[in-house]
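Residue numbers (the numbering used here), protein chains in the order written: chain A, 1 to 330; chain B, 1 to 275.
What the hints contain is simulated information worked out from the structure, not anything from laboratory work. A portion of the hints provided could be inaccurate.
[What the hints assert, rightly or not] List of simulated lysine-lysine pairs, BS3-like, C-alpha gap at most 25 Å:
hint, chain 1, residue 1, chain 2, residue 2
1, A, Lys220, A, Lys205
2, B, Lys234, A, Lys123
3, A, Lys8, B, Lys186
4, B, Lys52, A, Lys123
5, B, Lys234, B, Lys52
6, B, Lys52, A, Lys9
7, A, Lys305, B, Lys100
8, A, Lys313, A, Lys205
9, B, Lys234, A, Lys9
10, A, Lys205, A, Lys305
[Claimed, not checked] A partial selection of chain A residues facing chain B, derived with a Cβ cut-off under 8 Å:
hint, residue
11, Ala10
12, Ala23
13, Ala27
14, Val33
15, Phe36
16, Gly48
17, Trp50
18, Tyr90
19, Ile92
20, Pro110
21, Val117
22, Tyr189
23, Val249
24, Ala283
25, Met290
For glycine and all other residues, C-beta sits at the position ideal for the given N, C-alpha and C.
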Amino acid sequence: MNNPLRSKKAEWVVTTPSFLWLAFFFAVPAVIVLAFTFHGHDASGGVGDWSLSTWRELVDPDYPAIVWNTLRISFEVTVWSILLALPCAYAIARMNARWRGIVAGAIMLPFWTSFVVRVFAWKTMLHPDGWLQACYLGWLNVRAWLFGWLPGFLQEFLLWAGFAAPGAVDPASSTILDSETAVVLVSVYSFLPFAIMPIYSAAEKFDFSLLEAARDLGAKNFYAFRRIFIPGIRQGIVSAILMVFIPAVGSYVIPQMLGGTNCVLIGNKIFMRAIQNRNIPHASALATLMAVAVLVPIGIAMLWKRRQDARDKRRLDEQTAKLAVGGGGR
Amino acid sequence: MKRSFVSVVVLGLVLAFLYVPIVLVFVYGFVPNGVSMSFFDAQGNFTGFTTKWYNHIFTGNFAIRDLLSSFWLSLTIAGLATLVSSVLGTTAALALHRWKDRIQSIHYGLVYVPLVMPDILIGISLLMLFVAMKVECGFWTILIAHVTFCVSYVAMTVLARLADFDDRIVEAAYDLGAGPWTAFFKVELPVLMPGIIAGGLLAFTLSIDDVVITSFVNGAGTNTFPTYVSSMTKHSRNLPSVFALSTLMLVFTCALTGISKLIGGRTQVTRRKRG
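One chain only, chain A, in its complex shape (with noise of 0.2 Å):
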């Protein structure tokens, strides 16, 4: 070739580096903790023969409960960090440049301190003589008297999804730190600002006086904000919902140091699977669940993009028409 920029050679020079550190690095690590989920193990901690004892061994123990408290707990994070995202990224959407700067960077600035240190000052507040544990009672007291009022059909599934427990508040037993709360509490403050930035981004973009179209046109505040800004920035939330969902599955320092022995998530199993037991093929097979768990939530938002352009262009197309077969009738 005469342009020496885009050679082949060239390419070969560039791309080897980084190519063949991440292909060693990280694709065949992977593939050997898929092979070793075909693998038994020895009593000795070592990698015994080829087998499938490994993935009948996962239906047995605790392991399906493991699973499916991990992906409720990353539900509960997600849903709240959206929730408290949302307005905030609206917020700030609004102001002008100058705040947008100092407010965006405000949101950055405790990612300065370790993460560990954070999560270690939430220990220190969550202390049961706190006054967080005061909040705490209230907090299940409010919940165990919202949950009365339900339907029985619904406090049957929510008592089966393991989203409420049964009976009475017991002030006693009930102690903020190693509580599920906690951990749904710390996770939110972990992921919140990730949530913030990607909904932050997409509503800079949005064109507000698309509100005050619909709010001209009688729609009430809360159903303009509902149909008109929420759809704007879906994709947004779009990424906002991935950004803490994956982390939130893949958590293991905030269940570590706030859940106790009552939240143990797929995370620490692999943990203690890994380093306490020396059980590599049941780590290994974790490890695969866990990565289904991250994988099957981004190939969906990714079919939804591409479905969403897909109508999105559709409609341009029509209209587009609709306006040249207007303008040709003039």
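On the provided structure of chain A, position chain B as indicated by the hints.
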């Protein structure tokens, strides 16, 4: 507007929520009792503030010797990982930007997928690799792991910068007789530098803060600052020194950013004056 008012209130509450632990980190750097983590003694009397934890840090007190050495190890690893991943990430971005063939679509997958994988999966899979290869875990395995997850972030940052890059200036350099190396180092690299620096800073922040991946590949006895702190949280009398050190780091980072903003702002002003 009503709606706007509600959302501003929510934003205020969220900011308070995000800053409560930071304030706590600052305050607990001055707590006298490192076991109870309380400013009150058993009788409920206020015991006042202390600066002894800061003294420990500045004098290198033996009680926190391991903490300080883990901190230096973190800085070393983050520095080296930033250097290596900046080079690898930049070349990856250049390749992905310039060629669009089958190899590059695989390459893109290799760069992109680590970004969406939870840390723990990267950690466990690297541990499996080191187990399968029978490598002893330690400094080098931590460094390899950190480079691996940083490359993708640098590559994506530089790729975003390349999207605004005018390829014609490189072609112009060729027309004016520059060879591929001259064109790269004299023309392309200076234009990309802000992107590379931004990516490098991101890599440094991620590396120095990583606890999950490190705790899989660190082996016995090698602790970075985050893994050492998380092992300290179980039983230690010196936790306030962690908070003191974190406060110092935060102040230092803020000062550095402030200074770079000031300098950056000033050069822009002078440029405008010249223009």
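Evaluated hints:
1. Lys220(A) - Lys205(A): holds (23 Å)
2. Lys234(B) - Lys123(A): holds (11 Å)
3. Lys8(A) - Lys186(B): Between Lys8(A) and Lys186(B) the Cα gap is close to 22 Å, so the pair holds against 25 Å.
4. Lys52(B) - Lys123(A): holds (23 Å)
5. Lys234(B) - Lys52(B): holds (22 Å)
6. Lys52(B) - Lys9(A): With Cα atoms ~61 Å apart, Lys52(B) and Lys9(A) exceed 25 Å; violated.
7. Lys305(A) - Lys100(B): holds (22 Å)
8. Lys313(A) - Lys205(A): Holds, because 19 Å separates the two Cα atoms, which is no more than 25 Å.
9. Lys234(B) - Lys9(A): violated (55 Å)
10. Lys205(A) - Lys305(A): holds (18 Å)
11. Ala10: This interface hint holds because 7 Å falls under the 8 Å limit.
12. Ala23: holds (6 Å)
13. Ala27: holds (6 Å)
14. Val33: Where the cut-off is 8 Å and the nearest Cβ of chain B is about 5 Å from Val33(A), the hint holds.
15. Phe36: Holds, because the Cβ-Cβ distance from Phe36(A) to chain B comes to roughly 6 Å (cut-off 8 Å).
16. Gly48: For Gly48(A), the interface hint is violated, since the closest Cβ of chain B sits about 14 Å away, which is over 8 Å.
17. Trp50: violated (15 Å)
18. Tyr90: holds (5 Å)
19. Ile92: holds (7 Å)
20. Pro110: Result: holds, 5 Å to nearest chain B Cβ.
21. Val117: Hint on Val117(A): holds, closest Cβ of chain B at ~5 Å, below 8 Å.
22. Tyr189: holds (6 Å)
23. Val249: holds (6 Å)
24. Ala283: holds (6 Å)
25. Met290: Holds - the Cβ of Met290(A) comes within 8 Å of chain B, reaching about 6 Å at its closest.
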